[in-house]
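Enquirer: Generate the whole structure from the sequences, applying the supplied hints.
This is what each chain is made of:
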Amino acid sequence: AQSVTQLGSHVSVSEGALVLLRCNYSSSVPPYLFWYVQYPNQGLQLLLKYTSAATLVKGINGFEAEFKKSETSFHLTKPSAHMSDAAEYFCAVSSNFGNEKLTFGTGTRLTIIP
Amino acid sequence: DTGVSQNPRHKITKRGQNVTFRCDPISEHNRLYWYRQTLGQGPEFLTYFQNEAQLEKSRLLSDRFSAERPKGSFSTLEIQRTEQGDSAMYLCASSVRQGNTEAFFGQGTRLTVV
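Protein sequences, first through last, are from chains A and B. For the first sequence, the positions run 1 to 114 when the working numbering is used. For the second sequence, the positions run 115 to 228 when the working numbering is used.
Just so you know, these hints were derived from the structure itself, not from any lab. Glycine is no exception: its CB is placed at the ideal position from the N, C-alpha and C atoms.
DEER-style ranges, computed between Cβ atoms: (1) A:S80 / B:K128: 45 to 53 Å; (2) B:P122 / A:E15: 31 to 39 Å; (3) B:T127 / A:L18: 39 to 47 Å; (4) A:S84 / B:V210: 26 to 34 Å; (5) B:T190 / A:P40: 24 to 32 Å; (6) A:L7 / B:N121: 34 to 42 Å; (7) B:V228 / A:T106: 21 to 29 Å.
Calculated pairs, SDA-like style, for lysine to any residue (alpha carbon to alpha carbon, straight line, at most 25 Å): (8) B:K185 / B:S172; (9) B:K171 / A:E100; (10) A:K58 / B:R211.
Derived coverage of chain A by chain B (criterion: at least 3 residues anywhere in the stretch with Cβ under 8 Å from a Cβ of chain B; other residues may be distant): (11) 38-45; (12) 100-109.
Expert: See below:
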């Protein structure tokens, strides 16, 4: 069984400040990990994915995440927040890259303070 | 736009009525997934198809729910005798079976049962 825990359902940061969204996973097999972003009344857009090739993964819009097996974590970061980053972010895990069902966390709503 | 298309985008129905949603995946994608997302939660897996074969169903998919993909192209999700607890966003995603590709999501169908 696989699961994802996202710490902090709401995170607020000032524009230009560091963004850090936390994700911890549980998996009995080597995991594939994803971060998705969702804007209001929209579907999910993939930000980045971990496929065991490299532990530091760079994604779109300046986001990156680091896979830490010892901590079972896959936190999402961005050095400088932009107003357009305000959205809901979901961490997800699967057992086979892109071809099996995703198990999502409960999400973190990111608010950017001007 | 050749992304995943879902119709309708919004549906309001009275309790006890039947509803049907449609998903048109990206044309070369042979896997299709349905997820349900309730307010404040992450998407939850319902079912998925490879071509026309339904390969897995979640225990969330009660006997009032049925999904089909008759020709391995578009898919329908039907809910019979709707209940207020069925109110949610229903998301469709598609992917290819082989290769390192992720699932692409549609914009969802928001169902409100009154």
